[in-house]
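*Asks:* Generate the whole structure from the sequences, applying the supplied hints.
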Amino acid sequence: MTDSKTLIRGAKVLGGRPQDVLVSGGRIAEVGARLDAAGAAVVEADGLVLLPGLVDLHTHLREPGREDSETVLTGTRAAAIGGYTAVHAMANTFPVADTAGVVEQVWRLGRESGYCDVQPVGAVTVGLAGRQLAELGAMADSAAQVRVFSDDGKCVDDAVIMRRALEYVKAFDGVVAQHAQEPRLTEGAQMNEGTVSGELGLTGWPAVAEESVIARDVLLAAHVGSRVHICHLSTAGSVEIVRWAKSKGWAVTAEVTPHHLLLTDELVRTYNPVYKVNPPLRTEADVVALREALADGTIDCVATDHAPHPHEDKDCEWAAAAMGMVGLETALSVVQHTMVDTGLLDWTGVADRMSARPAAIGRLAGHGRPVAPGEPANLVLLDPAYRGVVNPADFASRSRNTPYEGRELPGRVIATFLRGHATVMDGKLT
Amino acid sequence: MKRHLISAADLTRDDALLVLDTAEEMARVADRPIKKLPTLRGRTVVNLFFEDSTRTRISFEAAAKRLSADVINFSAKGSSVSKGESLKDTALTLEAMGADAVVVRHYSSGAPHRLATSGWINASVVNAGDGTHEHPTQALLDAFTMRRHLSGPGRDLSGRRITVVGDVLHSRVARSNVLLLTTLGAQVTLVAPPTLLPIGVEHWPCEVSYDLDAVLAKSDAVMMLRVQRERMNAAFFPTEREYARRYGLDGIRMAALPEHAIVMHPGPMNRGMEITAEVADSPRCTAVEQVANGVSTRMAVLYLMLGGSEPALSAGTDTRTEVRNGAPADDAPRTDAALTPDTHAPRTQESK
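The listed protein sequences derive, respectively, from chains E and B.
1113 is the number that this note's numbering gives to position 205 of the first sequence; each next residue is one higher, with no gaps.
137 is the number that this note's numbering gives to position 112 of the second sequence; each next residue is one higher, with no gaps.
FYI, nobody ran anything at the bench for these hints, they're computed from the structure.
Keep in mind that a hint or two might mislead.
[What the hints assert, rightly or not] Straight-line C-alpha distance at most 25 angstroms; calculated DMTMM-like pairs for lysine to aspartate or glutamate:
#, chain 1, residue 1, chain 2, residue 2
1, B, Lys27, B, Asp95
2, B, Lys102, E, Asp976
3, B, Lys90, B, Asp56
4, B, Lys113, E, Asp976
5, B, Lys113, E, Asp1223
6, B, Lys113, E, Glu975
From a predicted model like this one, the values you see are computed outputs, not experimental measurements.
*Replies:* Take a look at the structure:
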């Protein structure tokens, strides 16, 4: 399969002038004008934009344990539809990915799926319980070669455990990805704490519960000279702390989700649990700050926090509902809508924030590379002129819990190439 | 009136006055020998209670029964709900049984809103208290009580100064009252320790004070909210005694109120906590009257939501039954009379 040749004709590489890109043997063979199509399958890409395949630092594939909401296969199919060629599978599965055995299982399922590379994330602590370090070294040395460690869904709130984890992962160039949520300040929390939560009578999740943990962790990372990554940063105050930490030259990186770039807590007035997510949807001022921070690079990357849930876990009253939204299949459209169409980011910037930087943070070889001869042919071809209404029935994901149902969004992935092999062609899975 | 009553914000000034005026007429029924109207005969009202609340449930039950509705009480405890049935499946079950109105009390804020808007049922939904969100019929009965003491039938509460004291953060009563009383023209002041006020309360259409003594002399009514003693375990206040000293209403503080001012409490009272026995048992305290007014107000709500816009054909027969029973015709509630235009009711329907 990877021996075949494909000629992508007339694509705007990183949004620039139209060029031909010849793919051969899983790699980019040539980039230029009017390349020879002999022996190659031709993909006409007039008006389409070519980017390096997207990389997600934050995906919940749910397998093992919650295959009713997603499996590695359905999740990677959704990823391919969304233009992703690599996803980091979060550790909060059943059993938790806190041993070499579980991360290797997930890694192997990803290889078998063939739609997208799956890089498992290892848990920081045993059972995500926050008490005892998991065998981080064993996971790093396993076939899965784990480099990102996270208790995502739970905060590593014990300062000593966090400090030790940050120190320990230096031995294998790992990074701790923190779900920043001070647990005591968020007991029973249902939504952003602010004017809307006061009116709706829903227990608030205050911004300070995120910001205080981020402040502590950037100081800890600086103190021990390690890397820390902030998951799904959601408030304007968090942006200020990360900006300050970066100005000090500390090894701090951060991600933002597509939904935090677009949606606000005003939507909770519907009490529709499709808008229930953790961290919660914040205010308009936060959305503006997050977009600016992504544009200026304070926030390094977009990560989906793709969180599939079965219908019954959302078809209920707010407090009983699960937190989370699916995001793989709509991320690029939301980023185009919020960042590109607003003039905040060009396609080169999108390639940086959705491919190059997340791959670098995750130490993922072969992804997030330039569109240049000799590089692995992990590519996505998209149509930025497309306008479509989100219909969850069309999703490749096993779950349908999208907050964008019925919303018109721009852009559509036409083709995704994983090492030269088309996982998506003409907008459909191959 | 909207089809559902979820929030006090669903009521315009005219809607609210219509409910209160209707409730006045319903209250007259309570003075009759036979405390029953035929208006909702054949209609089914389900009291769906996911949270223990004997007072509110029996108030709604009495209201529905006085309107001759069939009443089904569904308590989540000991039912299929305690075995894990979802709100949706419970709703579908009630729908299948032909509920015309569902009166719902739920521990989760927004649950009645979900029932009304998610397409699970067609019945009208009345919020009988959801989590720490709203309790609109409580606000209506409170307004009804205030109006009787402070303004009068047919009038709103313009210029009246109402002070609401206590655990505003966790109070659905406070939220609904702020909305409804403001709609009716009153000026509301919330008084609480800062820990028991929600973030963003400065955007609410009311004043906020941390000092009860500073506002008493300017209050036409003081509403004391129930404060759960357990709150001090989460550090909302240091001790019960300190709470009572700073925010409790005792005889001395009551004496600082203007002479005409009333003391209200939605119940159940924590005597010695937010209110002393001296105040609770004083003639200025309307707590018991509020309970009676609750039935009239809920009758008005059920009537307006279920019967108010349609001619109740079968009601004609019953009106005459009542006349035969000796009730003077001019004593019949206006609403009932308006509903039973004998001249419009086809004869063939009368025998049904």
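*Asks:* Now tell me if each hint is right for this structure.
*Replies:* Here is how each hint holds up against the structure:
1. B:Lys27 / B:Asp95: 22 angstroms, holds
2. B:Lys102 / E:Asp976: 30 angstroms, violated
3. B:Lys90 / B:Asp56: Measuring from Cα to Cα gives roughly 16 angstroms; hence the hint holds.
4. B:Lys113 / E:Asp976: Holds, because 20 angstroms separates the two Cα atoms, which is no more than 25 angstroms.
5. B:Lys113 / E:Asp1223: Judged against 25 angstroms, a Cα distance of about 7 angstroms means the pair holds.
6. B:Lys113 / E:Glu975: 24 angstroms, holds
The structure fails hint 2 only (numbered hints given earlier).
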